[in-house]
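S.K.: One-letter residues, chain by chain:
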Amino acid sequence: MSSSRRSRSRQSGVPRITDDQLAHLVSKLQHLIPELRRSRSDKVAASKVLQETCDYIRSLRREVDDLSDRLSELLASTDMDSEQAAIMRSLLM
Amino acid sequence: MHVLACAVLCLSLLGPHTPFLLTLLSPYIFISSFFVSDSLSRICSTSTKGSMRRPCDSLKREFLKKWMTGLQSCSSSNKDMSILERKKAIKLSADVAMACARNGATCWSRALIAAGAHSGHSNKRIRSKKILKRSCRIRTRRKRRSKCAAQVGRASWISVGKRTRILKSLIPGGESMNEASLVEETLDYITYLRAQVDGMRSLVDASELCRLGKWKWKLAGTVEACMYK
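Quick mapping for you: the protein sequence lines, in order, are chains A and B. Residues 24 to 116 (the working numbering) make up the first sequence, in order. Residues 1331 to 1559 (the working numbering) make up the second sequence, in order.
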C-alpha cells in the first residue's frame, strides 16, 4: 500500500487528494452518507469514499429531477376552476 | 444582491413576454406575497417539540424562501410553457435558490448562479449535451473498471485520481478547483443539496395534498406535517 502511494506521488498530471484531506472527508462524510455510515470502520479505501460520494451526489440530483417532474406535472394538471388550483397558483405561479 | 440575481434570472426565463406578464401577474404577485410571507412564517416557525433548531432546518427554510420567490417570478401561465419547459424552469430556479442561500460564498454556488444567468442561450444547450455525453462516458468507464478490478485485483492507485476527476465533474465549478478546496466544496455542496431535496419534497407533497382537496386553509398544520413526517 505504501509503495503504491509513493508511486502515485511520482505521477504527474493525475489529480490526487492527500491523505489528510481524505481523512477529513471520510470523517465528515460518514455522518452524511448512509453507505459509509454502515461500514463503521476507520480504514475506508479512498476510491470507495470517492465512489460513494459521487453516487450520493448523483442520487440527490436524480431526486431533484424527479421532484421537478412531479411539480411541473402538478402545475400543468390542476383544474382551472378549483379553489385548490387558485391557492396553488397564488403560491407557486 | 443574490435575491436580485434570482429575480433577474427568473425574469430572463420569461423572454419577450416579460413586461406584459408582469402587468398581468402583478395583482397575483402582490396577493401571493402575503400568502407566501404568511405560509413561510408558518413554515419557518419551529415545531414546539424541540427547543434547539437543527442547522439543516434553517438551510431548508432559507432555500424554500428563495425558491418560492423564484417560482413566483418565473412561472406564468400554462399556455406558454410545456411541461418539459416548466420542469427545466423549476429545476433551474431550485438550483439558483440553493446557490443564493449560500450567498455565493463558495465556488459551487457562484458557478450555479453564473450558469443560471446564462441559461436560455444556445451555448447552454450545447454545454448540456456535452455534460450528458461526458456522464455517459463516465458511466461506461465505471462498468469497465469494475470488471477489470474484479479480474485483476489491482489499479486502485489510478482509481483515486479518476474518481477525483469524476467528483470534480459533479460539483458545479469543480473543473477549476484544486484538490484542497474540492473536499470542502463537496461537503458544503452535499449539505445544501440535501436541504434542496428536503425543501422541494415538502413543497411537492403539500401541493399534491392541496390538489387532492385534502389541504384546507390550515396551512401551518399540513405543511408542518409534511416537513416533519
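Treat the hints with caution; some may be incorrect.
Said to hold, decoys possible - Cross-link-like lysine to aspartate or glutamate pairs, in silico, EDC-like; alpha carbons within 16 angstroms at most:
id : chain 1 : residue 1 : chain 2 : residue 2
1  : B       : 1421      : A       : 88
2  : B       : 1421      : A       : 96
3  : B       : 1418      : A       : 86
Calculated from the structure, these hints are not laboratory results.
S.K.: If you test the structure against every hint from before, which numbers come out violated?
M.R.: none
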